[in-house]
Every structure is written in structure tokens, then in C-alpha cells.
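*Asks:* This is what each chain is made of:
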Amino acid sequence: MNRYQFEDLISEYIENELSLSKRKEFETYLEENPEARSLIDSVRYTMDTMRSLPKVKANPKFNERLMTRIKSNIDWSATPMPSKGTFFGFTPIHASLLTGLMIAFVFVSMQLFYPESGTQITERQLFADEQVPSLSNPGLNTVNRTTPDLADAEEDSLEIDPKKQQQKDFSKKMHFVND
Amino acid sequence: MSLGKQQSPFVYTDEQLIARFQSGDERAYVELVNRYRDRLTHFVFQFLGEIEQAEDVVQDTMLKLYEKKHYYREIAKFSTWIYTIARNLANTELRKRKRRKTTHLSQMTRDERQYEIPAVQPDVGQDVQNEFVAKRIQAAIQDLPEHFKTVIILRDIQELSYDDISNIVGVPLGTVKSRINRARLQLQAELKDLR
Numbered sequence: 001m002n003r004y005q006f007e008d009l010i011s012e013y014i015e016n017e018l019s020l021s022k023r024k025e026f027e028t029y030l031e032e033n034p035e036a037r038s039l040i041d042s043v044r045y046t047m048d049t050m051r052s053l054p055k056v057k058a059n060p061k062f063n064e065r066l067m068t069r070i071k072s073n074i075d076w077s078a079t080p081m082p083s084k085g086t087f088f089g090f091t092p093i094h095a096s097l098l099t100g101l102m103i104a105f106v107f108v109s110m111q112l113f114y115p116e117s118g119t120q121i122t123e124r125q126l127f128a129d130e131q132v133p134s135l136s137n138p139g140l141n142t143v144n145r146t147t148p149d150l151a152d153a154e155e156d157s158l159e160i161d162p163k164k165q166q167q168k169d170f171s172k173k174m175h176f177v178n179d
Numbered sequence: 001m002s003l004g005k006q007q008s009p010f011v012y013t014d015e016q017l018i019a020r021f022q023s024g025d026e027r028a029y030v031e032l033v034n035r036y037r038d039r040l041t042h043f044v045f046q047f048l049g050e051i052e053q054a055e056d057v058v059q060d061t062m063l064k065l066y067e068k069k070h071y072y073r074e075i076a077k078f079s080t081w082i083y084t085i086a087r088n089l090a091n092t093e094l095r096k097r098k099r100r101k102t103t104h105l106s107q108m109t110r111d112e113r114q115y116e117i118p119a120v121q122p123d124v125g126q127d128v129q130n131e132f133v134a135k136r137i138q139a140a141i142q143d144l145p146e147h148f149k150t151v152i153i154l155r156d157i158q159e160l161s162y163d164d165i166s167n168i169v170g171v172p173l174g175t176v177k178s179r180i181n182r183a184r185l186q187l188q189a190e191l192k193d194l195r
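Those protein sequences? They're chains A and B, same order as listed.
Counting from 1, one number per residue, gives the positions in the first sequence under the numbering used here.
Counting from 1, one number per residue, gives the positions in the second sequence under the numbering used here.
Incorrect hints may have been included.
Coverage of chain B stretches by chain A, computed from C-beta distances (three or more under 8 angstroms per stretch; other residues unrestricted) [claimed, not checked]:
1) 39–47
2) 58–68
3) 84–92
4) 154–160
5) 179–187
Below 27 angstroms or equal to it, Euclidean Cα-Cα: the simulated BS3-like pairs (lysine-lysine) are [what the hints assert, rightly or not]:
6) B:Lys69 with A:Lys71
7) A:Lys55 with B:Lys77
8) A:Lys61 with B:Lys177
9) B:Lys77 with B:Lys98
It is worth saying that the hints were derived from the structure and are not from the lab.
Ideal Cβ positions, reconstructed from N, Cα and C, are used throughout, including at glycine.
Please model the entire structure based on the sequences and the hints provided.
*Replies:* Right, here's the structure in full:
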């Protein structure tokens, strides 16, 4: 047995946990190295001193303080916490309602603080009232803002103007096809 | 053994008490607190070196016991379970302390400490001497590496069995015995002048 092996077995020797053969080997080393006994005594003294350390006890108000903490934890956990599927603490429905309200608020604020945008809209509305040009109602090149009144017409629409009729006669140009 | 209402809680084992607490009997919880409050305070104090922090850690341990009672399974002893919780919380506190880089007297090395060494004379009270020795041992324990400190406190101060210690720290029995032995050798070297 060497010094390192001896030191490794000191605790087991002191606590009587060595096997018979190991104990014999240990004691043989002690006989051959009497100075090693002082190490055993030193370790034994350290163990005894640690066991005799004054016991530290908890504060007398330990239980009281603990119960207060438990009670406050229970009260805290009883308050409903927002679930994971929330947006800044709001459920999706509430979040959408709030978003809609915010958009409406912004829109109304714009209407109040920027009134020019309102007149432009009314002009657009005027333009929108005019008829959209179509094949049956070909549009005019210029916008005629005045609506014609038949009572004010200078000409009688029943009078046929041959020149105008000639201009409008496309019979020579049109060829009718038999089905 | 029947668990009648008339029986004193002192006849119940720790495992029976935790089972009753899991069923909703809060008196069982109070009894467990009373049984382990001082033991754990002493253990954590030796680990951290400060009584106020030790009490806070033990409070947190008991709070965890209250909130996580259903985590306990009768596979292991109740004492193993609660010591494990206390040890983990004490370790966390120790790591926080290291991050804060706060120097405490108990953490100072031998060269930095300045002790008012009382004269060892016949007229000096034994209490003062004992207090001095206790403080020297506590300081020496604080100087140990963490994995040595835990096992030596559990064995030589808390007087737990090697099996219990092995379960608490989660290392094999042989490793526990080896660490305890080396911790003792280191402590005796540091406390040679006390003899």
C-alpha cells in the first residue's frame, strides 16, 4: 500500500467500513509508518468538530412568513391571466373590434381636420352623376353641363331637312344580305 | 397503521405526511415544515454562510413543496426529495452570488481574512472559544469546491447516510465516498492549527 492508497481509505477506516483484508493491509501500513497515525487523528478531530457545530435554527417567525407568502401566491394565481392566443392581452375578437374602432377614429379625425378632402369628393360625385359613354349613347367630346330642354328647341324635329337626310342616308353604302 | 383523525401527527412518517398533504390535508404540510425547517436552515447556512440567505432559500424550498407536492413519488424518500430541492436552490443562490461578485467575509481566503483571535487563556469563556472554532470551520467549508462542500455538509453535519447523499447529489456511491474523504483531508489540512 502506498501513501495515496492509504489516504483514500482513511474515511472508511474511521467509519469501520473496510473489509477485513483491506483493514489488515491498512493497519500494516500504519505500523510501518507511525507518522500516518497523526493524519487519522486529525481527520477524526475534524469530523467530530463538524458534528458538534452549534445548530443554526430558523427565525421564530419563519412559519408566519411562509404562510403569508403562500397566501399571496394563491391570491395572485387566482387572478385570470391572459391565455397564450392573445394580442397584448386582448382576445382576437376584442383585438379586431379595437382595431376597427381605431381605424374609424382615424378616418373621422381626418374628415374633421382635413375638410378639403371632403369637397374633392363631392366634385367627384358630380362627375360620377354624368352618364357613362356607351355604344348606344356615344359620348360627346366636350362635356355639356347644360341639359337640353325640348321646349326651348328652335327647330321642329318633324321637319325633314333633305341635306341632313342625305348626309344621314347610308342606303347606298349598306348591302342587305338575304339569310 | 390507520391514519385516524385522533392520532397525533408525530406518529406519521414523512412519506405518510406527504401523502396526506397530496390528498389535501394542509396540517400534514405544516408538520413537514416543522420537521424540516431547522434541519434545512442549518444545512443551507453551512452551504451559503449567511443566515438570512439561508432562511430565504429554505422558505423557497417550503414554497416549492407546497406548490409542487404532486411531483413527489414514493420511489425515493421524502428527505432525499426535499434535500435535493434545498440543495438546488442553494446552488442557484451561490451562482447568483458569484455573478454579483459580492465578497463576503466567509468567502475570503485565509490571507484576506482578519480574525480577532481571542487569547486562549483560562479566563476566556468556552463559548467564545467554541464560537471561534465554529467560524473557522464554517469558513474552511466555504473554501471547499462546491461538489466537496455539499457532500461533507450532508455527511458530517447533517449525518445522512451515504445512500441518501448519493441520491441527493445524483452521483454513484463510490464517488460520494471518495469526495467525502478528500473533503475531510482538505479540511483537516486547513484546520491543523486548531488542534
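*Asks:* Against this structure, judge whether each hint is valid.
*Replies:* Quick rundown of the hints versus the structure:
no.: 1; hint: 39–47; result: holds (count 4)
no.: 2; hint: 58–68; result: holds (count 6)
no.: 3; hint: 84–92; result: violated (count 0)
no.: 4; hint: 154–160; result: holds (count 3)
no.: 5; hint: 179–187; result: holds (count 5)
no.: 6; hint: B:Lys69 with A:Lys71; result: holds (16 angstroms)
no.: 7; hint: A:Lys55 with B:Lys77; result: holds (23 angstroms)
no.: 8; hint: A:Lys61 with B:Lys177; result: violated (38 angstroms)
no.: 9; hint: B:Lys77 with B:Lys98; result: violated (32 angstroms)
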